[in-house]
Each structure stands twice: as structure tokens, then as C-alpha cells.
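Let chain Y serve as the given structure and place chain A on it in line with the hints.
Protein chains: 2
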Amino acid sequence: METTNPDAGTQLTIARSGVISGQAEAVAADEGIAAENVREALAAGRIVIPANHHHANLKPVGIGEGLTVKVNVNLGRSQTESCLTEEVDKVDIAIRHGADAVMDLSTGPDLDEIRQAVLDACPIPVGTVPIYQALSEVDDVIDLSVDDFLDVVRRQAEQGVDFMTLHAGILKAHLGLTADRFTGIVSRGGALMARWMEHHDRENPYFEYFDRVLDIAKEHDVTLSLGDGLRPGCLHDASDAAQFAELGTLGDLTQRAWDGGVQVMIEGPGHVPFNQITDNVRRQKEVCHGAPFYVLGPLVTDIAPGYDHITGAIGATVAAVAGADFLCYVTPKEHLGLPDADDVREGLIAFKIAAHAADVARGLPGAQDRDDEMARARYDFDWNRQFDLALDPDRARQYHDETLPESRYRESHYCSMCGPKFCPMKVTRELQGKGVEDRC
Amino acid sequence: METTNPDAGTQLTIARSGVISGQAEAVAADEGIAAENVREALAAGRIVIPANHHHANLKPVGIGEGLTVKVNVNLGRSQTESCLTEEVDKVDIAIRHGADAVMDLSTGPDLDEIRQAVLDACPIPVGTVPIYQALSEVDDVIDLSVDDFLDVVRRQAEQGVDFMTLHAGILKAHLGLTADRFTGIVSRGGALMARWMEHHDRENPYFEYFDRVLDIAKEHDVTLSLGDGLRPGCLHDASDAAQFAELGTLGDLTQRAWDGGVQVMIEGPGHVPFNQITDNVRRQKEVCHGAPFYVLGPLVTDIAPGYDHITGAIGATVAAVAGADFLCYVTPKEHLGLPDADDVREGLIAFKIAAHAADVARGLPGAQDRDDEMARARYDFDWNRQFDLALDPDRARQYHDETLPESRYRESHYCSMCGPKFCPMKVTRELQGKGVEDRC
Chain Y
1 METTNPDAGT
11 QLTIARSGVI
21 SGQAEAVAAD
31 EGIAAENVRE
41 ALAAGRIVIP
51 ANHHHANLKP
61 VGIGEGLTVK
71 VNVNLGRSQT
81 ESCLTEEVDK
91 VDIAIRHGAD
101 AVMDLSTGPD
111 LDEIRQAVLD
121 ACPIPVGTVP
131 IYQALSEVDD
141 VIDLSVDDFL
151 DVVRRQAEQG
161 VDFMTLHAGI
171 LKAHLGLTAD
181 RFTGIVSRGG
191 ALMARWMEHH
201 DRENPYFEYF
211 DRVLDIAKEH
221 DVTLSLGDGL
231 RPGCLHDASD
241 AAQFAELGTL
251 GDLTQRAWDG
261 GVQVMIEGPG
271 HVPFNQITDN
281 VRRQKEVCHG
291 APFYVLGPLV
301 TDIAPGYDHI
311 TGAIGATVAA
321 VAGADFLCYV
331 TPKEHLGLPD
341 ADDVREGLIA
351 FKIAAHAADV
361 ARGLPGAQDR
371 DDEMARARYD
381 FDWNRQFDLA
391 LDPDRARQYH
401 DETLPESRYR
411 ESHYCSMCGP
421 KFCPMKVTRE
431 LQGKGVEDRC
Chain A
1 METTNPDAGT
11 QLTIARSGVI
21 SGQAEAVAAD
31 EGIAAENVRE
41 ALAAGRIVIP
51 ANHHHANLKP
61 VGIGEGLTVK
71 VNVNLGRSQT
81 ESCLTEEVDK
91 VDIAIRHGAD
101 AVMDLSTGPD
111 LDEIRQAVLD
121 ACPIPVGTVP
131 IYQALSEVDD
141 VIDLSVDDFL
151 DVVRRQAEQG
161 VDFMTLHAGI
171 LKAHLGLTAD
181 RFTGIVSRGG
191 ALMARWMEHH
201 DRENPYFEYF
211 DRVLDIAKEH
221 DVTLSLGDGL
231 RPGCLHDASD
241 AAQFAELGTL
251 GDLTQRAWDG
261 GVQVMIEGPG
271 HVPFNQITDN
281 VRRQKEVCHG
291 APFYVLGPLV
301 TDIAPGYDHI
311 TGAIGATVAA
321 VAGADFLCYV
331 TPKEHLGLPD
341 ADDVREGLIA
351 FKIAAHAADV
361 ARGLPGAQDR
371 DDEMARARYD
381 FDWNRQFDLA
391 LDPDRARQYH
401 DETLPESRYR
411 ESHYCSMCGP
421 KFCPMKVTRE
431 LQGKGVEDRC
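Just so you know, the protein sequences line up as chains Y and A, in that order.
Residues in the first sequence are numbered consecutively from 1, following my numbering.
Residues in the second sequence are numbered consecutively from 1, following my numbering.
If you're looking for bench data, these hints aren't it; they were derived computationally from the structure.
One or more of the hints may lead you astray.
Identical chains blur together in the list; that is why a pair holds if it fits in one copy or across any two.
What the hints assert, rightly or not - Simulated crosslink set (DMTMM-like; lysine to aspartate or glutamate; CA at most 20 Å straight-line):
1. K59 / E31
2. K172 / E430
3. K285 / D240
Just chain Y, with the same shape it has in the complex (with noise of 0.2 Å):
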């Protein structure tokens, strides 16, 4: 393992001291905006890059304020699915369409090596729920130490984790506000953190040992992405006492992260309806002082498990229009089983389209270019253009050439939609004198 840049920092204290790193540096020229207003957001909380000092040849990415909305994908074996080939193989899947970074939640045996894999093959941040090694060296989730809560971490920090879910900061007071919950605790690290202190009658060790988390995080800038380990998991549950008493121990723990040096982000729901998404991002601002968003959906229904991709895109693009940041990817099998690749890629397209509607909607600069090349592409009856501008140019070919597989159909000015007679913009065209002479 290299250390590459062994006495640098953090992203945080490094942009405290007013220096650009040439991970802003990166970022900056990536978003097309200033260096030193990317230096003043990371130094102020506001805009996270993760960025272990051990992830070798990482292509640093910004979460935050000012940039383009993110997406995660979630990879990673369960105890009863999938193998490692199956999981670099989705990691190839992801980059291909676009993630911006990818969590390996992998629950299973031979984690180390799992998430060695990820990190050789990924060039962008790789995040990771340290707990759930931690279980899986165990039989139960109480046979667990103090010791063991902080050693996982400071593993896989040395191994080149960009970022970490730990769930800090569910409390042992705040486990009795569930009982009126339709579906108790849904989160897997809040449910084992749970379970771990009731059985110990002890507080979570996460936070009760914070600091020694901030330790091993800011020697390695490890990003901390603190866990909603009481988000809701059914419209019912969500926005309530729980979930809130949770956000405001998060807001806490964000101040004392930075005030320790270390970058922090924080995750949210999960399944809310509609009309309270705006509220709760606009709520984790206020009492997180502005640090990332971090959005998981959320889930506009509960009704439409094979659809959830769908669902959660509604609400992630709800979520990112008030403000969220980063949005973790939702596949069509949640709630039902492990997604496989076919699954990862409908999952990631729905979030990119999340992301990207709303970046468009917050008026970021340029950030409607693409749409208007593909309107111009449509226009001009670009067949081969619009399929390049495609978020999945693939896709995109396939459909087409189901009903017009014939070459010369590309040059045509109409699809099968419509056929040429009825064909609007052919019309159009002509009206506007413009060429619709036709090859086929």
C-alpha cells in the first residue's frame, strides 16, 4: 500500500489554510467553476471531495454546494448472493454509465479482498459501512468490543476508503421513540447498532468514541457519511420524532467533525411522501450547517416494489432540487432481492436523470446544454447524434432498431413512432422550408 500524500491533511484543513489542493483544482475545472470558490466551500463544510490518501489513482469528486448533483451506486455481495467477478463486473457497469462513486456494502466472506478489487478498479470514490465487516468476523452483532467498532475502521481507512457510513449517531434514547413505527428500524447498521446497545446497556460506541474515529479519519481523510440509522422505511414512519432527534445528534456530530479536521456528509431517508421532501432537506441544512446531503431515494410510495428505481428517482429529484447533493441509486429489486447488473444500470440511469433534472432545474450554469444539443440532434433528424448525447446511448440504439433495425433508417426523417405521413417535426421542417427529402 502507498501512501501518497502521507502529511497533506485533509481536503478541510487544507482549504482552511487557504491552500488549493489539486484535488479542488481537479473538481474545479471538472464543474467549470472557479478554484478558490470550490477552496472556500470545502473550507466552510459546505462541498466534501473524498479522497484517501491511499485510493491511488483517484479522480477526485465533488459533493455539494455549487456542483452538479452525484449519484452512488450501491455494490456488493449479501450472505446469500453474488461473487467477486460479478461484483467487479458491476463496477464496470457503473463507471461505464456514469457513477460518480459506488459503495461495496458486501456482507458475505472474503471482504478484504472484495473491496481491494473495487478500489483497484475504480477511479472514483469508494465508500463503505465499516460495521458490516466488523459483523461478519462474528457470530452476532454484541459479541463485538469497543475495539473491534474502531479497528474496522482504521482497516479499511489504511486499505484507501474514501468514504464511510457510520451510524453515530443513533442513541440509545432515541430507540424507544420507534415503537409507534409501522416498520421499527430499517437501516442495517442502525438496527445492529441498536441491538448492540440494548444488549450492552451501553451507548453507541460510535459515539461515545468519536474522537477516536475523528483520529483515524483525518490521518487517512476519510470522508464520514454519517448514518440515518433511524430513517424512516414507510411513508408512515417518516418525519417523526425518531428520525429528527437522530438529525439533530447528526448536527452535533458535524461540528465536532469539523472541528476535528475531518470532512463529514450526512445521509437521509429513505421513504418519504412527496410533500415533505423540500421540508426535510431544507431541515438537515439548517441543523447540519450546511454540510452535504446525502439522500437515499427517497421512496415517493411504497406500493411499487420492481419499480422502486422509479420511485426513488421522483423523490431523489424532489430531494435535489431543495438542496440535496448527492443521491444514492435505488435499483428495481429493492425490497425484493440482491440487484444484479442489468439492475445496477436501470437503477443508475433513473438517479443520473434525478440528478440531472435537477441540476437543470437549479439553474446551473450550463447544465441544460446537453438537452438543447439533443433537441437540435431530434430536430435534424440525427439519429447516430441523438444516441451519442443519450445518457445510455446503448439503450437508446437498441430501441430504435427494434422496429427500424435497418441501417438506412438512421438517415430517415421519421421513427416507427409516428411513420413519415404523420411525423410532426417532418412537417414542421417543411413549413420551414427546410430538407426532409428522405432515403428510404
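For chain A alone, kept in the frame of chain Y given last:
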């Protein structure tokens, strides 16, 4: 053809006379609201019940204020694709998956025969765009006489079509307003009307002879769906002068339809950035005096061909939350080709999600009941109940069984997503002392 109710008048005139029609009664029962409330909103034009006197076996559907959001499925062969049996298959799929209405947009030969087959197969309202048939009977739209435009409306009304899209609001004076657009006119009907007007240097015949249209519509109780021939075809063209000029005319025509005792709804865009959708809906409601709003999408980005059911479902949810009443689905094949049966299913479920999420967000009484039942079924690990409650039970079952096919897994307290050791709900149930015994 049987005239089931020859002297009944329209749902509008009946309601105005103070009578609660059988259709209004049925809609009220379906929606769980007072029949008098339905009658009042019908009388005021804020609800329509498309129910042609000649559509036998129609189960009436209400669209508008205070009712659940409805979803329409477009079907119909194009000149290049599909056949009758294929279209009837699509009708079956649409009805099985919960479509509230279908539009037969066929443009090839045998239109009367296809339409009759669709009407016979449909217990839900059937809509058409009559100009498609008019054009199918000549070589070029400019060959149509004014009587041709009206005659096809009469023939379809006599056959039993419940609602018809007429592009009566696109006027000669509006056409110049499209000059700066990137994609000109993208409505098939709108482009055809424009060509006819330009060639003959005459006003839109559906506008000029709107009283004759109203006479036909009133006689058979055809609900007019006033088309937005100048709807934007890309984000760039949204909310422009052309779109809103036509909307103004549609507002005038709404009043004329009501004065003539004819039910009317208004069609809307199209392609609209997320942040403009709510204003679009509010403007329509104001300009068109509260007439029901029937939106196509709207699509919140142009760069996702192959996934426009998702871009459309995102926009449709926002529109419906803001007050749109009726959603025209978009399939994954939009912009690429004619949808097949699978595309119909994908598009319909995406828009059922949008409609339902909006019902929940609008606080419609009871709208969240099914979500709450799903939440309880999830927490109880009652997989079969989850499948039954799903918008698409077959899909949910199929996805679940892909990784855990044996029937005993329908009894298990986990799925392949997390596996038993990591299942948060299993852990939470244990904390609550609830049963978690596993039969696997």
C-alpha cells in the same frame, strides 16, 4: 349500435339541472366521496366524466378536482408497425395493470375496425385524435375539406368514443411565434393543422367551426380534450409565447364548450424543466377556469431516450401534486419507436406511481392506506401479501423469486438483499420481542 341514453344530455347539463347521474353516482362510490360533491364539480366543469352514450358497458371514470389522479395509456398502430390483435393485447395489458383510460392513436389502415375492437374490449373511457383518421383517408392533410374535419368527429362520436383530442386552439396568428424554437411543432395534430392553415391561408377549421363541433359533442356526450398543438418539444421551448398564446385560446374555448353544454378538459406539455412545472399547472387552471388538466409527461430532461417513462413520471408527479388531474403515460420507446406490450406495462406502472404519489402528497383521504398495509406486510415478512399489494404483483413476485426461488423463502424473515444476519427488520423485531423464528 345501441344508443343507451339518447335524451340524457351530457354529464355537464345533467349535473347543472341538479340531477346526480348514474355515472356521477358510480364515480362518487368509486372515489369514496359524496355524490353531491361530484355533481357540483361536474356542473362547474371542474370534473369530467367521459361517457359517450354509445359506449356500451362503460364503467364511468371521473377526472378532476377532489378525485384520484387518473392515467391514460396511448395505443394504436402506426403506419409502419403493429396489427389489430397486437393492439387488443395492449388494451388487455393496460386494463390489467390499472389504466383509467386508453387512447387509440392508430394511423394506419382499418381504423374503424381497430377502434371498434378497442371499444368492445374497453370498460374504461376510450379517446381518439380524429384528425389521424381524417388524414389516413387522403394523401395529404391539405386535401381535407372543412366538412372532412367535422365528418370524422361525427363518425367517431356515433361509434362511441368518449373523449377526443381536437387541436382547436392553434391559430394562424400563433404560428410565427414558433420561429425561435429548437424543435418547432412536435404535436402531430398541431403540425397537421399548421400545414393545412398555411397552405389554405385559412383559420383552424376546428376553431372556426367550433359550434358545429360542440353540436356533435353535445349530442353524443363526447368530452372534448383540447389539444396543445404548440406544446414544447424540448426544455428550451417550454413556457414560451407560442405555448401560452395557444393556452389563452384554449381558455376561451373552454368557456364556449361549457356554454354549449359540452364537457371539456385541457391538454398540457410535454417537455418542461422541473422548476417550471408547478407554474405551468397553476397557469392552466387559471386561464382555463378550473377545467381538468391532462398532461403528457411532462419530461424533465431531453437526454434520456430509452428511459422517458422515468423522466415523464418525475414531471407527472410534480404536475399532479400541483393540480394536474389526468396523466398521459409515456413509454420507454418515446422518441425512438412504437411501444410494444412490455413498454405499455413499464410506462403505465411508472405513471401509476406518479398518480399515486401525488394522491398521497395531496392528502386525499385514504390515499396512503395501501402504503400503510404494505409497510405492515413488510414488517411481518408476509411476502405473499406484499406481492398482492404491489402495483405490479407479477413483477414483484418474479424479482423476489429470481434469487430465492424455493417456496419456503416466501415464509422467511429476510430476502437476498441483506440475508438473515443483516436484515434490519429481523433485528428490530427481535429487539421488540416479536417472532423471528425462521423456517429456512
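Hint-by-hint comparison with the structure:
no., hint, in the structure
1, K59 / E31, "within (13 Å within a copy, 54 Å between copies)"
2, K172 / E430, "between (71 Å within a copy, 16 Å between copies)"
3, K285 / D240, "within (17 Å within a copy, 34 Å between copies)"
The structure shown violates none of the earlier numbered hints.
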